[in-house]
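Student: Residues per chain, in single letters:
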Amino acid sequence: MALAIDSPRFGHVEIDPETVIEFPDGLIGLGGTQYALLTSDPDSPFVWLHCIDDPSLSLPVTDPHRFFSGYQVELTDEDGERLGLDDSTAVDVYVTVVARAELAEFTANQKAPILIWNGRGHQVINQAPGCDLRAPLFAEVLGGAAPADGDGG
Amino acid sequence: MLNITRRRGERVVLGDDVFISVLEVSGQTVRLGIDAPRSVRVYREEIWLEVKRENEAAAQAASAELPKDMPAPLKSDSGDEETRSVSINRAPARDENS
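Residue numbers (our numbering), protein chains in the order written: chain A, 1 to 153; chain B, 1001 to 1098.
The hints are simulated quantities; they were obtained by calculation from the structure and are not laboratory data.
There may be inaccurate statements among the hints.
In silico SDA-like pairs for lysine to any residue, Cα to Cα no more than 25 angstroms straight-line [what the hints assert, rightly or not]: (1) K111(A) / E1050(B); (2) K111(A) / R1041(B); (3) K111(A) / E1045(B); (4) K1052(B) / L37(A); (5) K111(A) / G32(A); (6) K111(A) / Q1060(B); (7) K1052(B) / Q34(A); (8) K1052(B) / G130(A); (9) K111(A) / D132(A); (10) K1052(B) / R134(A); (11) K1052(B) / E102(A); (12) K1052(B) / E105(A); (13) K1052(B) / T76(A); (14) K111(A) / R1053(B); (15) K111(A) / S69(A); (16) K1052(B) / R1038(B).
Since the structure is predicted, the reported quantities are computational estimates derived from the model, not experimental observations.
So that you can see chain B by itself, here it is in the shape it has in the complex (with noise of 0.2 angstroms):
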């Protein structure tokens, strides 16, 4: 693994086009700003974790049968259009506290 102390406001780029900035060092905790092109998707490391391995959990099922009797979902509107839309928050996400 390669290391590379930085201090802050200093960054490291990935290729020619991911910057990583390092924003703000506060005890246990960096604060890091990510700019890269949109095609590249950017996950806390622990979520992409789990769900990898929720996805592979549920891969894991496709060779057991789904049982047949099982009570009834809430709604049935099969004719239906499925289709539903999504909100995009408008709080900018990566600027968090958590």
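Pulled out of the complex, with its shape left as it was, chain A reads as follows (with noise of 0.2 angstroms):
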């Protein structure tokens, strides 16, 4: 049976019941236990988050390894026992996007990256040094240019 949603974002939705990732304990702050990636452009580096639960709570998120080289992710003994994750599981890394009018003043949280695996998603705290609430999304594709203090002197 396909899944239908009235999504403020994408209007009509039908969803592949395949594809939606259950978060058993939703992103955190925010709930929802039922999402799916969804896009209206296949070329962008951003996809739609888009809770089912709730279709008025869509998030933008990217693949940070497109825009941060050397990202990882670290988690603790405790995180890795608790969602059965070890070393060798493979998985696909999302981290959200606070999207801005200016690109240089977007930004993506690295810390709390999303994992989503075998159709289930879990957003974790990333122990890995020098991840950043509010890192500057285009930082390095603009040519590490900071964009916070405008022409220093």
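Make one complex out of these two single chains by using the hints.
Tutor: See below:
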């Protein structure tokens, strides 16, 4: 049976139940237990993590490796055990994106990536050093120019 | 809010399976040990709050269009599997001093 939602962003969307991602714990602070990855532009580096329980909730996410070279996810032992993950588990990694008017102001949350595997998703706290809650998304792509300070002196 | 006074080494039990121990009290700092089922997520409040705010900020953008003309990402490995493995810390993460 096809799943249909009425999304403020995408309108009426039919979702293949096979593509539904179960989030047993929801997103941190936001909840939702079923999401799907939607896009209207297959060429965009962004996809929308769209909540199915609450169709008013959707977040742009992206593959952090496309923007941050050397990005890594490290979990605590406790999280590894809790999620049934070990070093050999292959997972899709996404980070949430805060979109703003200027590209230089876009940020991604390196600290709380979303891991998806086997139809399940979890947002985790990344223990890798140097992770930023609001990492300028296009800093590397734009040539390492720091977006925040303008022309410093 | 429930207020409970505990000494070092004493515990509080939430429900039947979450145990919070006072491990150490030193000046303004209290070190807690938390023994809970794996399914229970435990966060420092400030981290939980920061992530919640970033999630909400990201969700706010849901009504705005993402720009079409943007610089190309570092690499576009479409077609390739974009799966990675994560690494699990071997050090006990809850025994930190920061």
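Student: Does each hint fit the structure? Answer for all of them.
Tutor: Do the hints match the structure? See the list:
| no. | hint | result |
| --- | --- | --- |
| 1 | K111(A) / E1050(B) | 10 angstroms, holds |
| 2 | K111(A) / R1041(B) | 16 angstroms, holds |
| 3 | K111(A) / E1045(B) | 15 angstroms, holds |
| 4 | K1052(B) / L37(A) | 20 angstroms, holds |
| 5 | K111(A) / G32(A) | 20 angstroms, holds |
| 6 | K111(A) / Q1060(B) | 19 angstroms, holds |
| 7 | K1052(B) / Q34(A) | 18 angstroms, holds |
| 8 | K1052(B) / G130(A) | 20 angstroms, holds |
| 9 | K111(A) / D132(A) | 6 angstroms, holds |
| 10 | K1052(B) / R134(A) | 13 angstroms, holds |
| 11 | K1052(B) / E102(A) | 23 angstroms, holds |
| 12 | K1052(B) / E105(A) | 19 angstroms, holds |
| 13 | K1052(B) / T76(A) | 20 angstroms, holds |
| 14 | K111(A) / R1053(B) | 13 angstroms, holds |
| 15 | K111(A) / S69(A) | 15 angstroms, holds |
| 16 | K1052(B) / R1038(B) | 21 angstroms, holds |
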